[in-house]
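Between the sequences and the hints, there should be enough to build the whole structure, so can you do that?
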Amino acid sequence: MELSKKNCQACDAKTPPLTPSEVSDFLKELKLTWELDNNRKISAKFVFQDFKTAMKFVNKVAKISEKQGHHPNIKIFYNKVIIELTTHVIGGLSENDFVLASKIELLV
Numbered sequence: 001m002e003l004s005k006k007n008c009q010a011c012d013a014k015t016p017p018l019t020p021s022e023v024s025d026f027l028k029e030l031k032l033t034w035e036l037d038n039n040r041k042i043s044a045k046f047v048f049q050d051f052k053t054a055m056k057f058v059n060k061v062a063k064i065s066e067k068q069g070h071h072p073n074i075k076i077f078y079n080k081v082i083i084e085l086t087t088h089v090i091g092g093l094s095e096n097d098f099v100l101a102s103k104i105e106l107l108v
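So the sequence shown is numbered by the UniProt record's numbering: it starts at 1 and just counts up by one.
There may be inaccurate statements among the hints.
Said to hold, decoys possible - No more than 30 Å apart at the CA atoms, straight line, and that leaves these computed lysine-lysine pairs for DSSO-like:
hint : residue 1 : residue 2
1    : Lys-28    : Lys-6
2    : Lys-14    : Lys-28
3    : Lys-80    : Lys-52
4    : Lys-60    : Lys-6
5    : Lys-28    : Lys-56
6    : Lys-41    : Lys-6
Claimed, not checked - Pairwise CB distance ranges (calculated):
hint : residue 1 : residue 2 : range
7    : Leu-106   : Leu-36    : 30 to 40 Å
8    : Gly-69    : Asn-39    : 20 to 30 Å
9    : Val-89    : Glu-35    : 21 to 31 Å
10   : Lys-80    : Arg-40    : 21 to 31 Å
11   : Ile-74    : Leu-36    : 17 to 27 Å
If you are wondering where the hints come from, they were derived from the structure by calculation, not from laboratory data. For clarity, every value in this text was computed on a predicted model and none was experimentally measured. Backbone N, C-alpha and C define an ideal beta-carbon position, used for all residues, glycine too.
The following block contains the structure:
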């Protein structure tokens with residue numbers, strides 16, 4: 001099933017982080033370039049025309065995140081937004097990070 005059609009599932013501390021091979025496979029399913037940081041988080045930069053447009057994007061990301069129960073770290077720099085995804089409770093990446101990344105990609 002396509003990542004953007006899936007929903008995030010609750011994780012707990014016993015859930016193992018994805019292996020490097022699994023992370024690589026999930027990265028191939030994403031349409032945009034997401035940077036991998038030490039196999040623990042992925043991030044992407046989005047550039048918009050102005051601050052107002054960037055904030056509209058952030059608000060849409062917030063709405064999706066709330067619905068999915070999985071929340072990114074968001075950094076805003078005027079017309080640039082950096083989204084960082086990790087599953088904090090497991091200290092690494094889970095399928096949820098890639099599901100949410102895929103849903104975020106649909107916004108741009």
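Outcome of the hint check:
Taking the CA atoms of Lys-28 and Lys-6, the gap is near 16 Å; set against the 30 Å cutoff, the hint holds. For a cut-off of 30 Å, the pair hint linking Lys-14 to Lys-28 stands: about 26 Å separates their Cα positions. A threshold of 30 Å between alpha carbons decides the hint, and for Lys-80 with Lys-52 the separation of about 11 Å falls inside it, so the pair holds. Taking the CA atoms of Lys-60 and Lys-6, the gap is about 18 Å. The hint holds against a cut of 30 Å.
Proximity of Lys-28 to Lys-56 is assessed by CA-CA distance (about 27 Å); at most 30 Å being required, the pair is judged to hold. For a cut-off of 30 Å, the pair hint linking Lys-41 to Lys-6 stands: about 20 Å separates their Cα positions. Taking the beta carbon of each, Leu-106 and Leu-36 are about 21 Å apart, not inside 30 to 40 Å as hinted. At roughly 23 Å, the beta-carbon separation of Gly-69 and Asn-39 lies within the given 20 to 30 Å, and the hint holds.
Taking the beta carbon of each, Val-89 and Glu-35 are about 22 Å apart, inside 21 to 31 Å as hinted. Our hint of 21 to 31 Å for Lys-80 and Arg-40 holds, since their Cβ atoms are close to 22 Å apart. A C-beta distance of roughly 18 Å is found between Ile-74 and Leu-36, which places it inside the suggested range of 17 to 27 Å.
Checked against the numbered hints given earlier, this structure breaks only hint 7.
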